[in-house]
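Protein chains in written order, with the numbering used here: chain A, 1 to 274; chain B, 275 to 868.
Keep in mind that the hints are not guaranteed to be accurate.
Computed Cβ-Cβ distance ranges for the label pairs, DEER-style [said to hold, decoys possible]:
(1) A:Lys-135 to B:Glu-608: 52 to 62 Å
(2) B:Glu-608 to A:Lys-183: 50 to 60 Å
(3) B:Gln-807 to A:Asp-54: 45 to 55 Å
(4) A:Glu-41 to B:Gln-807: 28 to 38 Å
(5) A:Asn-40 to B:Ser-866: 40 to 50 Å
(6) A:Glu-41 to B:Lys-532: 22 to 32 Å
In short, the hints are calculated from the structure, not lab data.
By construction, the Cβ of each residue, glycine as well, lies at the ideal position given by its N, Cα and C atoms.
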Amino acid sequence: MFQITRKQEMAKGSIIRFDVSAPKIAAKAKAGQFVIIRVNETGERIPMTIADKDEFSGIITIIFQVVGKTTALMRSLKAGELIRDIVGPLGKPAEVENLGTVIMVGGGTGVAILHHVAKAFKEAGNYVIGIIGSKEKDLLILENEMTAICDELVVTTDDGSWGVRGFVTQPLEKYLSERYDIKLVYAIGPIVMMKNICKLTSKYNVKTMVSLNPVMIDGTGMCGGCRVTVDNKTQFCCVDGPDFDGKLVDFDELEKRNNMYLKDEKDSLLFSIR
Amino acid sequence: MFEHDVKYLKFKTYLNTYCPHCRNTFNYERKEEKYLVFKAKYKEQDIDLKLSPYLDVFDIDSTIPIIEGDILEDLICPKCKNSLIVTNLVCGECASPVAEVIITAFSKLIPYYFCLKHGCEWHGLKKADENKIKLKIPRQEMPEQDQKLRVTNHTEVPYGYTSELAHLEAGRCLQCKTPKCVDGCPVNIDIPNFIRLITEEKLDDAAKKIKERNVLPAICGRVCPQESQCEKLCILGTRDKPVAIGHLERFLADYERKMGLVKIPVIKTKLNKKIAVVGSGPAGLTVAADLQQLGYQVTIFEALHEPGGVLVYGIPEFRLPKSIVSFEIEYLKEMGVRVELNHIIGKTITVDELLQHFSAVFIGVGAGLPVFMNLEGENLGNIFSSNEYLTRMNLMKAYKFPEYDTPKPKGNKIVVIGGGNVAMDSARTALRTGSSDVTIVYRRSRQELPARHEEIRHAGEEGIKFMLLTNPVRFLGTDQNMVKGMECIRMKLGEPDASGRRRPIPIEGSNFILDCDMVVVAVGTSSNPVLFQTTPDINRNKWGYVEVNPETNETSKEFVYAGGDIVTGSATVIEAMGAGRIAANAINKKLSAV
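Please construct the entire structure, taking both the sequences and the accompanying hints into account.
Now the structure itself:
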């Protein structure tokens, strides 16, 4: 059992932040890694990227968007309550090194994970340019944290209610066309966003890493449910990833695989409401 | 109580009757009647004498009317014309004349006398000879759930023996002086002795006798492939069917558990040494039980949220009820074994960190990585590895969706690729969760199916179709990226390959499309590298399996041992336990010397 030590609602309650006491995981977790959570006895196992950690207090932070049954259930938990199972840290950590200038792009809840990786890149000595986006101002998260980490930060919203109006790809293209010293783009967010970013960076021939979040069960390489096609080869996201070279990822396949259970998700929610 | 009376009257044997003079065989088996029949001459006419299953009554089947009490006076061999009547012997019951034939049992010729008075049940066999003809009791099969009923539930298929059936089956054992069955058992259970204790009605002692060597009899009795281990070497198997050792083991374990006779062993010496066991499957549980009993303090680390490894995520409820697995684990816990769930060794804690706190580490992590075939379209939706399918169904209880949150994979026309136990388990699980059309596709023929015979039989009875000598070539998908069909090619068997099995060869141009909307790939597993990524000093072979010293199961890293599928590749529960036992002994020896 793992205790929630702090709960914070963000983005009008659609995104939740939990600090959870998990000392063994906190001691090992590196940026880009994730945990598998099972809330209760009847719960499913879902992957959640570690958004932050504090090895001294033994706390890991997870930030999630409420999208389905399990995340709705998690929103109903209060600080002090318990999560039944958390296992990790899983996956390979993000490959962080001092490259010079890097661009960190995050969309929606992806910013939660991005800021952990951005912090690591900053600590490694990089010049970090951040681009974060959301649908509207109220749904934007971790802007202050990102401002503190990044040397430059651009904020976009789809409706123009904050920062630049439009998608994250627009400021990214601007940077790519103006600056020639960008060594890496690290993108995390909705699949369609990562796909478009990769299209763009291919044009400018800049290395792009993406962090994928497919359907998983065990997270240890046992089930193969999280398989993704990278460079025409099947990879298990949980053990070979979650970070991959974005230009080689078959995003269309990933998107369709992630939609496989949409109807079940609805049935499950309806069942819990009844 | 079950209607088993009929079952042991079945006469299925290779007994022979011979003329005592010319040694020509008399008999022919009349299968429909299940009697042994032999020919003789009576009053110049051919008659058939029927021997009953017990060889102690005879009946006459001829055109000559013979009534109860008649005495046959001139019985002769139809071949050599010599009389079968013995002049110096009379019936011990009614003093009527007696005839002699020779019967064989276990390649020995035994004279068999019978009273010529029709209806008299006397026969002149000595007690010792009577014992030799134990063949007369056929192997007792366990009563099973009706095949139409069982596909509607997840309850275990066989009900298990009743004590009557167990007693009857135990009586078949010949109590060999040099029993071969024990050699066939990877943990060398004292099989003849536990069976003898059943015949002596000492069921409690019999159960304890098994527990001396095997800590998980209820599990092994259910999932061991006895037909290729102990029962394969049973001497009865050469002429008839072997003693059902597995069924008896299961019966005793269930008896002990249900009667509340399981006792937690008293640990006499407490050693101040800690052992870490990685993985709570059969190998790990054996090491834990053995070493805890010797006084060590054992901690098991399990990656998943439930202990049991393949016993809980892989083997379905109808083959191994989860309550039995949890009972065995509770037993270990009561012995003092600690179980730490949600710990991935190599990630949460590394082996090197374990060695700082524990005197020795045993790695029994199994071969958990699913193998795919790398075919076109294999990543389409609704194509699952058997690991994923069974994990969803068993561990996550997806068959209870939406009560449990994990979605249940579903399809109307399901194809399972592979021919092992895991393929059978997947197919039968699918059948129990709402699919009526399930086909197993396997590239070799029926003979080569690696699954247990019982599983193949059960699958067939339940209505699973077998498409043999067929191999998938690619998968076809809908525009939603869900699987809608599988292109297959027919195969034929060629020359035997390295494994001794005939190699399947594709037949050119025989491709065809098999419609399906869900596929389970059950073609095997390989080793999971997660643990070893942080422990490069454990040597592994080219397939990724751990190299160990076969006598101690110690790895290239001192104080680190390994056993089970992570050493051998996919194998059986009991072999993993055997490997665990070797490691436990070696650990004890090494730590005692330190």
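Right, here's what the structure says about each hint:
no. : hint                               : verdict
1   : A:Lys-135 to B:Glu-608: 52 to 62 Å : holds, 56 Å
2   : B:Glu-608 to A:Lys-183: 50 to 60 Å : holds, 58 Å
3   : B:Gln-807 to A:Asp-54: 45 to 55 Å  : violated, 25 Å
4   : A:Glu-41 to B:Gln-807: 28 to 38 Å  : holds, 32 Å
5   : A:Asn-40 to B:Ser-866: 40 to 50 Å  : holds, 45 Å
6   : A:Glu-41 to B:Lys-532: 22 to 32 Å  : holds, 26 Å
Hint compliance for this structure: hint 3 alone is broken.
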